[in-house]
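Trainee: Here is what each chain is made of, one letter per residue.
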Amino acid sequence: MQDEAIYTALAPIFEDVFMRDDIVLTPELSAKDVAGWDSFKQIEIIIAVESQFGFKFHTRELDTLRNVGDLVRVVREKNSAKG
Amino acid sequence: MTNLMWLPKVDGWRDTLKAFAKSPDPTWAQAVSLANACLDFSQTNALDEIARRRWGETVPDGITGKPVRIAVLGSSTLAHLQPSIRVGGLRRGLHVAVYENDYGQYRQELEDEGSALYAFRPTVVLFALDAVTLTSGLRIGQSQADARGPLDATLEEVRHCWRLARRAFGGMVIQQACLPVFPSLLGNNEHRLTGSRAWAVTYLNDRLRAIADEEGVEILAVDAHVAEHGLGAWHSEALWHRSKQEVALTAAPLYGDLVARLVAAKQGRSFKCLALDLDNTLWGGVIGDDGLEGITLGQGSALGEAYVAFQAYARDLSRRGVILAVCSKNDEKNAREPFERHPDMILRSQDISCFVANWTDKATNLRHIAKELNIGIDSIVFVDDNPFERNLVRQELPMVAVPEVSDDPTFFPRILAAAGYFEGLAVTEDDLARTTQYAGNQQRESFRSQATDMASYLAGLEMRLISRDFDRIGLQRIVQLINKTNQFNLTTRRYTDAQVQGVMEDGNAVGLQLRLTDRFGDNGIIGIVIGRLEETDFIIDTWLMSCRVLGRQVEVTTLNVIAERARALGARRLVGEYIATAKNGMVREHYQNLGFTVVHSDELGSRSELDIEGFSLRPTAITMVSE
Numbered sequence: 293m294q295d296e297a298i299y300t301a302l303a304p305i306f307e308d309v310f311m312r313d314d315i316v317l318t319p320e321l322s323a324k325d326v327a328g329w330d331s332f333k334q335i336e337i338i339i340a341v342e343s344q345f346g347f348k349f350h351t352r353e354l355d356t357l358r359n360v361g362d363l364v365r366v367v368r369e370k371n372s373a374k375g
Numbered sequence: 002m003t004n005l006m007w008l009p010k011v012d013g014w015r016d017t018l019k020a021f022a023k024s025p026d027p028t029w030a031q032a033v034s035l036a037n038a039c040l041d042f043s044q045t046n047a048l049d050e051i052a053r054r055r056w057g058e059t060v061p062d063g064i065t066g067k068p069v070r071i072a073v074l075g076s077s078t079l080a081h082l083q084p085s086i087r088v089g090g091l092r093r094g095l096h097v098a099v100y101e102n103d104y105g106q107y108r109q110e111l112e113d114e115g116s117a118l119y120a121f122r123p124t125v126v127l128f129a130l131d132a133v134t135l136t137s138g139l140r141i142g143q144s145q146a147d148a149r150g151p152l153d154a155t156l157e158e159v160r161h162c163w164r165l166a167r168r169a170f171g172g173m174v175i176q177q178a179c180l181p182v183f184p185s186l187l188g189n190n191e192h193r194l195t196g197s198r199a200w201a202v203t204y205l206n207d208r209l210r211a212i213a214d215e216e217g218v219e220i221l222a223v224d225a226h227v228a229e230h231g232l233g234a235w236h237s238e239a240l241w242h243r244s245k246q247e248v249a250l251t252a253a254p255l256y257g258d259l260v261a262r263l264v265a266a267k268q269g270r271s272f273k274c275l276a277l278d279l280d281n282t283l284w285g286g287v288i289g290d291d292g293l294e295g296i297t298l299g300q301g302s303a304l305g306e307a308y309v310a311f312q313a314y315a316r317d318l319s320r321r322g323v324i325l326a327v328c329s330k331n332d333e334k335n336a337r338e339p340f341e342r343h344p345d346m347i348l349r350s351q352d353i354s355c356f357v358a359n360w361t362d363k364a365t366n367l368r369h370i371a372k373e374l375n376i377g378i379d380s381i382v383f384v385d386d387n388p389f390e391r392n393l394v395r396q397e398l399p400m401v402a403v404p405e406v407s408d409d410p411t412f413f414p415r416i417l418a419a420a421g422y423f424e425g426l427a428v429t430e431d432d433l434a435r436t437t438q439y440a441g442n443q444q445r446e447s448f449r450s451q452a453t454d455m456a457s458y459l460a461g462l463e464m465r466l467i468s469r470d471f472d473r474i475g476l477q478r479i480v481q482l483i484n485k486t487n488q489f490n491l492t493t494r495r496y497t498d499a500q501v502q503g504v505m506e507d508g509n510a511v512g513l514q515l516r517l518t519d520r521f522g523d524n525g526i527i528g529i530v531i532g533r534l535e536e537t538d539f540i541i542d543t544w545l546m547s548c549r550v551l552g553r554q555v556e557v558t559t560l561n562v563i564a565e566r567a568r569a570l571g572a573r574r575l576v577g578e579y580i581a582t583a584k585n586g587m588v589r590e591h592y593q594n595l596g597f598t599v600v601h602s603d604e605l606g607s608r609s610e611l612d613i614e615g616f617s618l619r620p621t622a623i624t625m626v627s628e
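Quick note, the sequences are listed as chains R and D, same order.
In the numbering used here, each residue's number is its place in the first sequence (first place is 1) plus 292.
In the numbering used here, each residue's number is its place in the second sequence (first place is 1) plus 1.
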C-alpha cells in the first residue's frame, strides 16, 4: 500500500474522531497541532486504525508514534508484513 | 461482542450526525434518536461531542426524565467512559452530567466537603475500582487467613466509601464488580492457591454482592458480561499498560449503557411490557395459512425448539413481573388457536394480558395495548421478525423499543437480555404476582361486560381498600411505587428508602400504603399517600396510584381514608397540590373532581383545599379497612 493511499484512508478516521473536516494530514502533523488531540483521542485513533486496517499494533509500536508520519510508516510496514 | 447489537445499524448515520451538528436548531428528540442506533465507541464519542457543544451542562427544556449527575470514582483512568455514560442516558432521554475525581484522589474528595466532588452535587455515585487496586496486599503462598485479611479490609473500606457517598449526597450508589483481569497461576483449581489474585476477584465479587444487598447499593455486573463476551472484549492489557484504562475503549458504549439502564431503572423508566408478534416470532410459519398442524413449533426440529425456548424466556419474564401482550396481523380466531390447542405452546391465553390480533397497523394496535393495560406507550418493547413492521413502529412510535432481531428465533432471548429493557433493581412480591393481577383484570373486564350498569358491577366486585401505615415489610414496594409511578401521581416527588423511613419516624407525617382486594383476587399495594400536618392544615405531599385500578372509585375511597386520618390528627383542612409533568396530565383535575376548591392554578400546577370539619364520608362501593 502506497503512503498516499494510507493518507487517504486515514483522513476520514481523523474527521470522525475530531468531528471536523478541515484537518489536513501531513507527516509532521502531531497532537500539539490539533485542538483536543489528547491521550484519549490518541487511543481512539489507534483503535479506529486497527479496526480499519485489520491488525493490532505491537505495544512497542505504540510507543514510537510521535506524528502522522510515524502512523503511516507503521501502517505501511504492518500491511506489507501481512503480504 | 460488546456492541449494542439490539439497536439497528442506521444507514448514513454519520451524515445525519453532521447535519445535526450544523443545524441551527437541533432538538433533543433528534439527539435521542441518533443515540438509538448501534453505535461504536467512535460514533458514541462523536455524538457526545456534538450534544455537549449544543447543550453542555444545561438541561434542555421539556425533557421527561430527571436530570442525572453521575460521579464516577476510581483510581484508574475513567475519562474514556464518560461520553458513553452520557450517551447511554441520552438513549433513554436522560440528561446526564458526569464528574470524575482527580486521578487517584477519590477517597480524599469523599472526605472533604470543600472538594470539587461536593461542588458537583452528584445524584449518583459510581465506584469503578480497578482489579489491581482491589486486590492489593496479596502474596502467593500466604496463609488462607493472611490472604482474606487484606481483601476483607478492602471490602470494609468499600462499604465505608458507600456510606460516605450516601450520607453526603443521599442518592443512588453503584458499585462496579471487579473485572476478572488476572491470568490464573494454578489453573482450573485456582481457588486452592492462597494469595492468587485471580481467585481473589471471585471472592471479592461474591462478597461485594452480599454487602451491596445489606447497604442498598446496586451492582454493575461487568464480571457477568466478561463471562458472556470474553475478557478480550472488555479489557486490553496493552491499554492498561499504556494509559491505565481498565475497561477497553471498544467496550465503553456497552459500559455506558449498563450504567444508564441502572439509573433509568431507579427512576422507574425500565420497560414494563413485552408485546409479541405471532407468525415467525412465536412459531414458524403462518397460522392462518399453515394451520395448527402446519406451524413449526416444538420438538422435531431445531427451529421448532428455538421457538419453544423463546416462549419459555418470555414466560419467565412474565413470572418476574413483565406484562406480556400479543400484537399480530391475523384473524383473532386463528391467532388464538395455538394458545388454546397446540400441545407444544409454552405460552397460554392466561399468560397474555392483552391480546390484539386484527388487520389494523401495528402502531395503532400498540397504542391500543398501552391504553388497555393503563401503561405508558414508552414502556412497551415490541418483538417482530419482520423488518417492515419494525421500521414502521420505530418511525410512528419512536418511544417504543423495537429490538433488532434477525429472523432466527434462536437469538431472541439473548438479544432481549442484552438490551436490558426490563432492568430491575429489586424483586418484590407484587412483581411476582403481577401477571396474575393483570389476568384477573381480564376476568374483571368480561364480568364488566355482563354487568348491566357500572354501579351494580362495582358493588358486585366486593372490593376492600386496606390502608396500613408505612412499615418495613412494605418498604421495598413503597419505594418502588414512589419512584416508578408517573401517570397517576399528583406531585411526582421521589423518595429514597431513607426518606420513606423518615416519614415513618415523623410524628406529624402520615404515610399510607393502600391495598385493594376484590372477588377476583388481591391487587397488591396500589396506592401511596404521604401527608403532613402543618398547624390545622393536612398537606397531601404525595398521592399516587397504580393505573390498573382506575375507574373503580378507589380515588374517592382514598379521600375518605385521608380525611379520617387527617381529622384524627386535628386537621381542619386538606391541602392538595398538583405539579404538572409530561406524564401526569390525567390527574390535572383530580382534586377538583373530588370537590376541592382550587386556590391557585397555572401551567406548572395547582393548589386546592377541602374543608373537612363538616366532611362526611362519600358513599362508595368499596369497604374501608384499616390495619
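FYI, nobody ran anything at the bench for these hints, they're computed from the structure.
Certain hints may be false.
Unchecked claim - DMTMM-like, lysine to aspartate or glutamate: derived pairs with alpha carbons at most 20 Å apart:
no., chain 1, residue 1, chain 2, residue 2
1, D, LYS245, R, GLU320
2, R, LYS333, R, GLU320
3, R, LYS324, R, GLU296
4, D, LYS67, D, GLU390
5, D, LYS485, D, ASP332
6, D, LYS23, R, ASP308
7, D, LYS10, R, ASP313
8, R, LYS333, R, GLU296
9, D, LYS23, R, ASP314
10, D, LYS334, D, ASP362
11, D, LYS19, R, GLU307
12, D, LYS23, R, GLU307
13, D, LYS19, R, ASP308
14, R, LYS348, R, GLU320
15, D, LYS67, D, ASP352
16, D, LYS245, R, ASP308
17, R, LYS333, D, GLU219
18, D, LYS10, D, GLU424
19, D, LYS23, R, ASP313
20, D, LYS10, D, ASP542
21, D, LYS485, D, ASP498
22, D, LYS245, D, ASP362
23, D, LYS67, D, ASP409
24, D, LYS19, R, ASP313
25, D, LYS245, R, GLU307
26, R, LYS333, D, GLU50
27, R, LYS333, R, ASP362
28, R, LYS333, D, ASP41
29, D, LYS67, D, GLU219
30, D, LYS19, D, ASP41
31, D, LYS372, D, ASP386
32, D, LYS334, D, GLU306
33, R, LYS324, R, GLU369
34, D, LYS23, D, GLU50
35, D, LYS19, R, ASP362
36, D, LYS67, D, ASP362
37, R, LYS348, D, ASP41
38, R, LYS348, D, GLU238
What you are looking at is a predicted structure, and each value in this text was computed from that prediction instead of being measured.
Trainee: Each hint should be assessed against the structure and marked as holding or not.
Mentor: Evaluated hints:
1. Distance check on the hinted pair: D/LYS245 and R/GLU320 sit about 28 Å apart at the alpha-carbon level, beyond 20 Å; violated.
2. Between R/LYS333 and R/GLU320 the alpha-carbon distance is near 17 Å, which keeps this suggested pair within the 20 Å criterion.
3. Straight-line distance between C-alpha atoms of R/LYS324 and R/GLU296 comes to about 23 Å, which puts the hinted pair past the 20 Å bound.
4. Pair hint D/LYS67 plus D/GLU390 does not hold up; C-alpha atoms about 32 Å apart against a cutoff of 20 Å.
5. Between D/LYS485 and D/ASP332, the direct Cα distance comes to roughly 36 Å. Violation of the 20 Å bound is thereby established for this hinted pair.
6. At most 20 Å may separate the alpha-carbon atoms for a hinted pair to count; D/LYS23 and R/ASP308 meet this at roughly 15 Å.
7. Between D/LYS10 and R/ASP313, the direct Cα distance comes to roughly 23 Å. Violation of the 20 Å bound is thereby established for this hinted pair.
8. Among the hinted pairs, R/LYS333 with R/GLU296 is inconsistent with the structure: their alpha-carbon atoms are about 23 Å apart, more than 20 Å.
9. Between the alpha carbons of D/LYS23 and R/ASP314 the distance comes to roughly 15 Å, so the proposed pair stays at or under 20 Å and holds.
10. Taking the CA atoms of D/LYS334 and D/ASP362, the gap is near 18 Å; set against the 20 Å cutoff, the hint holds.
11. With a C-alpha separation of about 11 Å, the suggested pairing of D/LYS19 with R/GLU307 holds against the 20 Å cut-off.
12. As the CA atoms of D/LYS23 and R/GLU307 are separated by approximately 15 Å, the hinted pair is consistent with the 20 Å bound.
13. Straight-line distance between C-alpha atoms of D/LYS19 and R/ASP308 comes to about 10 Å, which keeps the hinted pair within the 20 Å bound.
14. In summary, the hint linking R/LYS348 to R/GLU320 is not supported, as the alpha carbons are separated by about 23 Å, beyond the 20 Å threshold.
15. The suggested pairing of D/LYS67 with D/ASP352 is violated, with an alpha-carbon distance near 33 Å, which exceeds 20 Å.
16. Between D/LYS245 and R/ASP308 the CA atoms are separated by roughly 24 Å; this puts the pair beyond 20 Å, and the hint is violated.
17. Proximity of R/LYS333 to D/GLU219 is assessed by CA-CA distance (about 31 Å); at most 20 Å being required, the pair is judged violated.
18. For a cut-off of 20 Å, the pair hint linking D/LYS10 to D/GLU424 is broken: about 23 Å separates their Cα positions.
19. With a CA separation close to 12 Å, the supplied pair D/LYS23 and R/ASP313 stays within the 20 Å bound.
20. Distance check on the hinted pair: D/LYS10 and D/ASP542 sit about 45 Å apart at the alpha-carbon level, beyond 20 Å; violated.
21. Between D/LYS485 and D/ASP498 the CA atoms are separated by roughly 14 Å; this keeps the pair inside 20 Å, and the hint holds.
22. About 52 Å separates the Cα atoms of D/LYS245 and D/ASP362, which puts this hinted pair outside 20 Å; it is violated.
23. At roughly 38 Å between alpha-carbon atoms, D/LYS67 and D/ASP409 are farther apart than 20 Å, so this suggested pair is violated.
24. Only pairs whose Cα atoms come within 20 Å are accepted, and D/LYS19 paired with R/ASP313 is accepted, the gap being roughly 10 Å.
25. Proposed proximity of D/LYS245 and R/GLU307 is contradicted: the alpha carbons are some 26 Å apart, above 20 Å.
26. Annotation: proposed proximity of R/LYS333 to D/GLU50 holds, straight-line Cα distance about 12 Å (limit 20 Å).
27. Simply put, R/LYS333 and R/ASP362 have alpha-carbon atoms about 16 Å apart, close enough for the 20 Å limit, and the pair holds.
28. A hinted pair counts as satisfied when its Cα atoms are at most 20 Å apart, and R/LYS333 with D/ASP41 qualifies at roughly 15 Å.
29. Among the hinted pairs, D/LYS67 with D/GLU219 is consistent with the structure: their alpha-carbon atoms are about 19 Å apart, no more than 20 Å.
30. Taking the CA atoms of D/LYS19 and D/ASP41, the gap is near 16 Å; set against the 20 Å cutoff, the hint holds.
31. For the suggested pair D/LYS372 and D/ASP386, the alpha carbons sit about 24 Å apart, so the restraint of at most 20 Å is broken.
32. Restraint check for D/LYS334 and D/GLU306: the C-alpha separation of about 25 Å exceeds 20 Å, so the hint is violated.
33. This hinted pair does not check out: R/LYS324 and R/GLU369 have alpha carbons roughly 25 Å apart, beyond 20 Å.
34. Proposed proximity of D/LYS23 and D/GLU50 is supported: the alpha carbons are some 13 Å apart, at most 20 Å.
35. Between D/LYS19 and R/ASP362, the direct Cα distance comes to roughly 29 Å. Violation of the 20 Å bound is thereby established for this hinted pair.
36. Between D/LYS67 and D/ASP362, the direct Cα distance comes to roughly 33 Å. Violation of the 20 Å bound is thereby established for this hinted pair.
37. At most 20 Å may separate the alpha-carbon atoms for a hinted pair to count; R/LYS348 and D/ASP41 meet this at roughly 18 Å.
38. Between R/LYS348 and D/GLU238 the alpha-carbon distance is near 12 Å, which keeps this suggested pair within the 20 Å criterion.
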